[in-house]
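Work out the full structure: start from the sequences and follow the hints.
Note that the sequence shown covers residues -21 to -1, 1 to 519 in mature numbering (1 follows the signal peptide of the UniProt record, and there is no 0).
Hints should not be assumed to be uniformly reliable.
[To be verified] Pairs of lysine-lysine residues, derived as DSSO-like cross-links and limited to a Cα-Cα distance of at most 27 Å, are as follows:
| # | residue 1 | residue 2 |
| --- | --- | --- |
| 1 | Lys151 | Lys162 |
| 2 | Lys428 | Lys453 |
| 3 | Lys212 | Lys148 |
| 4 | Lys340 | Lys162 |
| 5 | Lys261 | Lys148 |
| 6 | Lys261 | Lys151 |
| 7 | Lys453 | Lys162 |
| 8 | Lys453 | Lys261 |
| 9 | Lys503 | Lys95 |
| 10 | Lys86 | Lys151 |
| 11 | Lys162 | Lys261 |
Honestly, the hints are just simulated from the structure, not real lab data.
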Amino acid sequence: MPLNLAVPLLIGATLFAICGAEDPYRFFSWNVTYGDIYPLGVRQQGILINGQFPGPDIHSVTNDNLIINVFNSLTEPFLISWNGIQQRRNSYEDGVYGTTCPIPPGKNLTYILQVKDQIGSFYYFPSLAFHKAAGGFGGIRILSRPRIPVPFPDPSGDYTVLIGDWYNKDHKVLRTILDRGRKLPNPDGILINGRSSNGFSLNVEQGKTYRLRISNVGLQNSLNFRIQGHKMKLVEVEGTHTLQTTLSSLDVHVGQSYSVLVTADQAPQDYYIVASSRFTSKILTTTGVLHYANSNKRVSGPIPGGPTIQVDWSLNQARSIRTNLTASGPRPNPQGSYHYGMINTTRTIRLSSSAGQVNGKQRYAINSVSFVPADTPLKIADFFKISGVYRTGSISYQPTGGGIYLDTSVMQVDYRTFVEFVFENPENIIQSYHLDGYQFFVVGMDGGKWTPASRNLYNLRDGVARSTIQVYPKSWSAIYVPLDNVGMWNLRSEFWARQYLGQQFYLRVYTSSTSMRDEYPIPKNALLCGRAAGRRTRPL
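Here it is as structure tokens:
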């Protein structure tokens, strides 16, 4: 990995305070720029990292310390967030506006991250100003330590596969549409690693097995992923080794990441790699190529079909994804026990989405509150005890049934409690939610309305632990969350227009303790803005 000599020396002192000195360091220097890209054949202004679209992968090992110096060469503020990286005790590094001041144009910020007790497949993305619609995203992989056994043989290759929907319009045009209170049109196409129409190629050798880390980095569409003539074996979901299920195709909802093994066990020719939209009236499809090294035939013929609008098919597949309880590797450990189903929950929080107009403009909400960013990041306001930035209790623990209203919604919960969240979807679209800073146990999902009797259907033994959950139309999904990570954490819709127009809030996991065992203080190199501008951070 490139050593970033531009990292200020003061960072060194910070590192030893935050990170275990015995764990390795990996240094990255990223320059974020605009550049011309042609993902659907139309020139657009894209966001590049070190000249790349998508951005460079981050390769790391459990407990590595990642020092990522990000230079903002754009003309507007910029932030990068880390989808699925938990950031233990350190929400200041989360890279969303509720916790981190944006990087001004021409300036830089050094992120100090540790992938503590994590393995698996994740990705990073730009979190501000609808930048995600222009690029700036890339894959993150965290390998197990060499002596920790993995429940499958080492693959012959390990590849990042970023799939997602895409618009021909530049991100600034899309942002203007939303700022004017209008809905976005449907996306124009699907990309695989920034390319469409067989632009992506994966080279394999006959008889060998490969790992594909598939993430849906798009803006709103669930996608189905498949490879012509080949089966996929699911082995990992967002940091959890799974029971190894063989699949013909896989639904990947927005914000989700999966690892599959694919064996090149067919005749030596080229095969379609396919990603197509789910639950849409018009099915968008793109293809790549699985290319055998000794191929004697180019890809041809009809593109293999997949599921389209069938909800039950997707629901049954989701329910079949279970944790491999015999596999080594980090797992959530609520209150000293892996047996999450034997722990009593302390609170049930029900969250329901809604869409509507506020002051003649389109807005989206959770429990009737449409989030409005404050003038100061919430976590920084907490540290400096700046009053009036937000108020806890600004969002209810249950749906209110009332109309949508605007507020800077923050829900307070207590540290070291064990909480049940129920996501209720009264709308006719599928939804996807992500909780920063956490893995949670997926215990149930079904159609209709959730009631306490729905708990009779819960999986209390081997539900998969992950950080992003889909909620099917007119349905519910339930998760258990061990609230063991103090901080201010973003809970958001992964449908990016909905997130931008208010379908998110912040979960303030609170303790009165000031011990570094519970939460790290603000980093000395933190950028300060809003009402905190000009103040000083204390040394770590």
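Lys261 paired with Lys151 [C-alpha distance capped at 27 Å]: holds, 25 Å
Lys428 paired with Lys453 [C-alpha distance capped at 27 Å]: holds, 8 Å
Restraint status (C-alpha distance of Lys212 to Lys148 at most 27 Å): Between Lys212 and Lys148 the Cα gap is close to 36 Å, so the pair fails against 27 Å, i.e. violated.
27 Å Cα cutoff - pair Lys151, Lys162: Holds, at roughly 14 Å.
27 Å Cα cutoff - pair Lys86, Lys151: holds, 21 Å
Hinted pair Lys453 and Lys261, Cα distance within 27 Å: holds, 21 Å
Pair hint Lys503 and Lys95, alpha-carbon separation not exceeding 27 Å: holds, 21 Å
Hint consistency between Lys162 and Lys261 [alpha-carbon to alpha-carbon, up to 27 Å]: Given pair Lys162, Lys261 holds - Cα atoms ~17 Å apart, limit 27 Å.
Holds or violated: Lys261 to Lys148, with C-alpha atoms at most 27 Å apart: Holds, at roughly 19 Å.
Restraint status (C-alpha distance of Lys340 to Lys162 at most 27 Å): Since the Cα atoms of Lys340 and Lys162 sit roughly 9 Å apart, the hinted pair holds (cutoff 27 Å).
Given pair status - Lys162, Lys453, alpha carbons within 27 Å: Between Lys453 and Lys162 the Cα gap is close to 21 Å, so the pair holds against 27 Å.
Consistency with the previously given hints fails for number 3 only.
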